[in-house]
Amino acid sequence: VRGEVMAIRPRPYIESAVAVGVRTTRMMVAHVLPILLAALISLAALEMGAVLMLLGELGFVGIFIGGGAFAELDVGSTLFHYSDVPEWGSLLSGVRQYARAYPWLAIYPAFAFFIAIVGFNLFGEGIRRMIETVGVGFGKIFNRFTVALALGGLLIFGWARANTGSIAYYRQQARAFDGQQALAQVGQLTAPQFEGRSLGTQGMGDSADWIAQQFESLGLFSAGENATFFQNRAREFTQINSPGQLDILDGQPAPEYRTDFVEYPGYYNSIGEANGQVRAVLMGELSSGAFGGRARPALERALDGEDILLLLSEEDAAIAEFGPRSGLLVVASDPQDMQRHYTISGRNRILADYLTGKLKGKNTPALWITEEMANRLLQGTGETVASLRQREASLGQDQVSVIDTGVDVSMVVDGDIVERFPARHVIGYLPGVSGRAGIGDAGFDREMPGTATQDSRDASVLDNKLVVVMAQYDSAPPAPDAGHAAANFNASGVAVMLEAIRAIQASDYQPYRSYLFVAYAGEGLDGGEPIKPGDVRKFLQARTGFASAFDVEAVIVLQGLGAGSGDRLEITAGGNQRLTNLFDTSAGRMGVKAGPANDAVDISIIFEDRALQSGEGQEAPIVTLSWAGWQETARMPGDTLETLSADTLEQAGEALLLSMMVIGRENTY
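The opening position of the sequence shown corresponds to residue 3 in our numbering, with each subsequent residue numbered one higher.
Treat the hints as calculated values from the structure; they're not laboratory data.
Do not take every clue at face value.
[Stated by the list, open to error] Restraint ranges, calculated between C-beta atoms of paired labels, are given here: (1) ILE37 <-> GLU317: 56 to 62 angstroms; (2) ILE67 <-> ASP336: 33 to 39 angstroms; (3) LEU56 <-> ARG11: 28 to 34 angstroms; (4) GLU308 <-> SER550: 50 to 56 angstroms; (5) ARG11 <-> ASP336: 30 to 36 angstroms; (6) ALA256 <-> SER315: 43 to 49 angstroms; (7) ASP252 <-> ASP569: 42 to 48 angstroms; (8) ASP406 <-> ASP569: 48 to 54 angstroms; (9) GLY128 <-> MET29: 26 to 32 angstroms; (10) TYR110 <-> ALA162: 33 to 39 angstroms.
For every residue, glycine included, the Cβ atom is placed at its ideal position computed from N, Cα and C.
Generate the whole structure from the sequences, applying the supplied hints.
Rendered as structure tokens:
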């Protein structure tokens, strides 16, 4: 482009325009752009080919437009990654792994790239030759009248698309979502008799009964065990009996519970007693042992089982938890964590020997502390947390540095490990009608629900496709010093789900795809592992036949929808562009400000089998809806009903409801 401009610049009419004082802007519009535009068309076509070549190269290394999910093709095998959008680069993304066994997999997408690139190149070259031979008078084509006509046509088209066809009907039905009704549901869930729906309380079970009653009254079918709405599970967690104790023997005032320290929610339970000198531990990147696992030989060589360790971050603590120690002090990355109510793990460090049955091991206390408390412990060393973090960043592979603080501490965490507390998921089912999904905006008008005949049940029948809408209903076990209502996280998510069901059932709308609504118990450990809401197949196993009868198409997770410091609805889809666009567009159509969250996409997961080992694989694409800034009050004592807004709930609910209606009936979205 610059070369073309430099070629035009010395021409006489440009020099004449400069001589008579024509402004630069008018000169560009009147004398440069009309000539440059012809060349830009051919250049743009040629650049299209270059962009396609780049997309093909990136696709081959696993970077492509759109998201995807992981599927376990064989039991115990490496998860297979697939895209959920028909993009050529995604078709090339798996070729590298199968190049030797199935070399022909690359032929079709590569041939498509080849044809498209050659086509763009020929088109650009043809345009260039035509302009050189015939010339083009853009001034006659693009004038104020044609521009005004084009803008008017676009406005009319946009208005017609937004206000006619099925989308207009969906918008009208989505307006039925009542924020005041949702706020009243939050009030019910945060009532004192439900005890904050805390794990380990009677109120948790009572709240599950109440949600099941709501499902039944709203006309949902039971999708739980034994023709009920419940799926019974068992939870392991640690119940803290009294506030933890931390004494620093340096002659200064004692630290204050939930201001300077609190129990640390790590991999193991945090109960026990410890006395001794604190040693700060700095770690470089540590390699695993010869047999893999979580042990780090370099760390074990540097530590003693009687040490009370000071760790500079939660990342360091995740490694040091598996090393020898008598206690852990972990510097919190956020001082607000002192006030948050977390569920303490129920994993026990006291284990029975496989051969003798003799118990061995010891539970050791673990506390979160503020950076101020850590600097107090480091005062005698001349170091601070900030300076030690700089030193830690410079450590190499398998390097460990241990610093004696010279300060003795005493720490006590009193609690009991609860191994099999009964918990229940609440699962309701809304079947899809035996119809065909619409294609585009006219699809709803073409065939009303319930009118499909047997002859119409072809490949486009979608009632065996399942959309899962879920929200966590329980909260952390009751703290020894104060209760918590857990209103925004996550009574608001359950309330929005219930009100969305009411609005759908009260309307004439009937989905073609089936819906599964899940209020799940998400606190504690299930079988020794954290609860993974994305593993929706476990919910389908509650009702006999569901797992084999349905293909899960999308999972919608609701959390923190009643309040937040931001001014928009956040959409977290893990890089899934299709679902992000759907919810973003739906929110815009309802007048709700929304946008994707700044969630990082882990590209390395495409090439590693880490997803299989850590449970990061997904049954189907997952999208999470929450209000921006909801995390600031999550698990805090101040997360009460009074902080929630009916208007915020209504905005989130309308965006959700419109998206659900589009997913439920449209073949493409």
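Right, here's what the structure says about each hint:
no.	hint	in the structure
1	ILE37 <-> GLU317: 56 to 62 angstroms	holds (59 angstroms)
2	ILE67 <-> ASP336: 33 to 39 angstroms	holds (35 angstroms)
3	LEU56 <-> ARG11: 28 to 34 angstroms	holds (31 angstroms)
4	GLU308 <-> SER550: 50 to 56 angstroms	holds (55 angstroms)
5	ARG11 <-> ASP336: 30 to 36 angstroms	violated (58 angstroms)
6	ALA256 <-> SER315: 43 to 49 angstroms	violated (25 angstroms)
7	ASP252 <-> ASP569: 42 to 48 angstroms	holds (46 angstroms)
8	ASP406 <-> ASP569: 48 to 54 angstroms	holds (50 angstroms)
9	GLY128 <-> MET29: 26 to 32 angstroms	holds (30 angstroms)
10	TYR110 <-> ALA162: 33 to 39 angstroms	holds (37 angstroms)
The structure is inconsistent with the numbered hints 5, 6, although it conforms to all the rest.
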